[in-house]
Amino acid sequence: MRKILTKRLMITLALCLAMLSGQHAFAQISVSGKVTSNDKEALPGVNVLVKGTSQGTTTDANGDYKLIVPSAESVLMFSFVGYLTEEVTVGTQTNVEVMMMPDLVSLQEVVVIGYGTQKKGEVTSAVASVKEREFTAGAMRDASELIKGKVAGLTITNGSGDPSAAPNISLRGVATLQGSAAPLILINGVPGDFNTVSPSDIVSIDVLKDASAAAIYGTRGANGVILITTRSGDKAKAPTLTYSHYSAVSSMARKADFLTASDYQKYSQEFTFRNDFVGEANANGGVTDTDWLGEITRKAYMQSHNLALQGGGANSNYAASVNYIGQDGVFEGSYNKELRISLDLSQYLFNDKLKLSANLLRGAQDIGALGDGSSGSFNPLIYRNALIRNPLLKIQDDDGKWIETDRLQYINPVGMVRETSGVITNNWTRLTSNTTLELVDGWQTNLMLATEIRNNYRGYAETKEHYNSVKGPRRNGFASRGDDQIKTNYLELTSKYSKTFDQHSFTLLAGYSYQYNVNQGGFANNFDFPTNAYSYNNLSAGNAMRLGTARMDSYKNDNTLIGFFGRVNYGFGDRFNVLASVRREGSSKFGQNNKWGTFPAVSAGWTLSNEDFLKASSVVSFLKIRAGYGVTGVIPRDSYLSKPLLTYEGVSVLDDGKWINGLVASSNANPDLRWEKSGEVNIGLDFAILKDKISGSIDVYSKRTKDMLWNYSVPQPPNLYSTTLANVGEMVNKGIEVLVKTTPVKGAAFEWNSNVTFSHNKNELVSLSNDLYKIEGDYINEYGISEPISMASHRLEPGKPLGNFWGLKSVDITDDGMWVIELPDGTRQTMTSNSMATDKNSQVLGNGIPKYRAGWINTMRYKNFDLSVVLSGAFGYQIMNQQRMFYENPNINYNVLSSAMDNVYGKRRLGYLNQAFVSYYIENGDYVKVENATLGYNVDVSKVKFMRGLRVYVSGSNLATITGYKGIDPEIPRNDIRMQGIDNRDKFPTVRTYTIGVNVNF
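Sequence positions in the sequence shown follow the working numbering and run 112 to 1113.
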């Protein structure tokens, strides 16, 4: 009986399931149609998605699509780059035709500003926004390369092929002498850098360029603010899984041309070299042919994998990603490996009145270290010696030992690489929570709590066979370890109320912010080890610690930053917009009399295109003028600078049989130490004409920075220390920025978009002294040239711009090859020694800061193919070519550049015996560079049910440079803001990279 009941029950269940299945099959509807533009041209590649699901397809080359939808209640979403998203309910339709409207100017597009967002058409300040669809593709070292050349006024320079090198970033020039010139970077509202998150996780980067936009960040906003927004998922959206991968290969873009073994032997027939390389080679096993640079370099390979999941339910959304990058450097032993994990969760409660969000970022980075301490993955001495070493010399002797000689600063680079081991490990963890309450429509209060911990560990070791063990300091093995930790706690409470009535709209914002930083770390080294086996993992085994010649150090400091701020936005009739803000900020870094500062801002905009006299225009579709003023501040890098500090050093005293360490002053007190303040005026114009085929913006600005910090000499006594840090200097930056976006061609199968950015900045140092603090001569000489030259390279002088080269002006050489110097009074004198390089004989030789920068981005689409080309350029500046300065002299004791054998000023080879800095080595640095070119193809996956999109691409970076500069690359690192334009002789050469990649959406 039981068997019969069971059988009947199974038959009944099967029939029910069949009926349900039949009903489901019956409910499904086949929908097809065509998607066109407002010009009635077919649009291929449009994403067609059933809302709330991952079910979808794309239109073909003719704009046609076909899709099975679950029911008549299904909603189709049509989305395409450059067009507004359309939604259509299926209902009883089986043929759904859609016309998509262009979104070129995107006046409704949301732009991220400080502590909120605005519609693009309502922005009254100088704000640039770059969305994900506009990012540069290819092998990205960090997020800065996504927008390089795409924001007018934002300067991003790499100038190094080091896989772990960070870019140099500045916005609208340099406005400080001792502070940082880098903009504040916020990732979802929390400070970070371009390497904090994976480029694949970013959906937009917004740049607040002028003070009226950045003043709400007070002291942190003087150099502009970069706001990075990452993925967070969407409510009521089915899960989507995305995988992206690329593999890349890099090699040196250009190599310095030094004499090879055959070159040297050829020139030796008619020139007597001082270095006697032939004799040196014969004394060490005989003449050979060694490519020293080739022995320590390689092709560098790189790979990246990114897996991202996002979606949401009715009351929640989520996003998660894992990213891995493994990159080798072109030098043996250099590499960079990074793993980043991010998780973003949001939960909505009480009918969306309460939103709880949490975000976790975790990153780990391993860098191969060939140098001691925090010098990074690159030891410049290895590269230098690979260039200047005798190409006729063997690498090892017959016993396998590295060949070393007694020549000064002359080390076997292969031995340095092979006998060195080291690693730099960086870890960062950031946890952020947001609690958002909206009890009343339009009134939103948010509490953000965040904590971030960054740890840095460094280990470095040299074997007992290293040069420093067998020659030089003869350390018999060396090792060091170091660590740093930065912990920051953040709290921000904001309350915002928005209201619209009739033609009026306004938003009120009030907030409080708190930031507490603790920095600590230590360092120790030792040498004279009994074995190589310990590496840097047993420092106590070295004998130097017992003898008291090892080093040990540690530190800890903290600082607090507190701010109260408010802002009001007002709009009238889509024509007039006003924004006003103020921030009151206090910092523990400043003196007792100036702990607090006030930073106001105001800006306004008038949309002329919405006035009656322009509404009917067939030419102008959008026209808006903007004007703003704001005050921002620059904060010192270090803590306790306003306090009198003492340190234990100098002579120790024997007192009652005990040694007492000497105590000396290390800084004077300055209770009046305060902010460097920058007041900036910005006037802008936004426009779009010819049905938005041409659009863009123009901004003109003037920024005056007062109370700049500098260390001034003071008398002792009454002062305990010889210098005092004080607010005295003044500087001005003026400039213009232009952005033009065009669509020269737009058809059904082919579309071409072309964007141009242009910027010009003029800098002037107004003053360095006042009645209380003065600089002798009212100028500062900076020394950016190392030994054996050791001459001044730059001068800071009131009335002149930063970046001026200062030195001897060469105009000719004598018959015996000596430099002929033109003095400031126009007379000429033969240079017989480097002692001639005095201030009396020196003059300005050029400027190392580009006056003009430009970018040109072209994006083309033909059916399923797309091509983008990014060009950038810098103009109106000079470069100090230090490789030529040091090695374009045939009379030195090392290997030289091939150009050292050329005639100087068309007369003869240089006869001057010493290396020296003269204007002959200052070159024009103008260049145009093909930063990136990417060719992609979107594969038709409409017949693959589990796949929404598939794109494959090939890309190249740093493909070509058009320049008259003789060095390896006119794009140079700019690490020192006071000594701009130096192309260091030891810099890591830039690389050219080729990439193949794939993006898959499931």
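Certain hints may be false.
Capping the alpha-carbon separation at 25 Å, the derived lysine to aspartate or glutamate pairs in DMTMM-like fashion look like this [claimed, not checked]:
1) 242 x 208
2) 962 x 783
3) 145 x 175
4) 857 x 1051
5) 974 x 803
Just so you know, the hints here were simulated from the structure itself, not pulled from any lab data.
Hints, verified against the model:
1. For the given pair, residue 242 sits about 28 Å from residue 208 by alpha-carbon distance, which is inconsistent with the 25 Å threshold.
2. Among the hinted pairs, residue 962 with residue 783 is inconsistent with the structure: their alpha-carbon atoms are about 36 Å apart, more than 25 Å.
3. Restraint check for residue 145 and residue 175: satisfied, since their Cα atoms lie roughly 4 Å apart, inside the 25 Å limit.
4. Between residue 857 and residue 1051 the CA atoms are separated by roughly 22 Å; this keeps the pair inside 25 Å, and the hint holds.
5. Restraint check for residue 974 and residue 803: satisfied, since their Cα atoms lie roughly 22 Å apart, inside the 25 Å limit.
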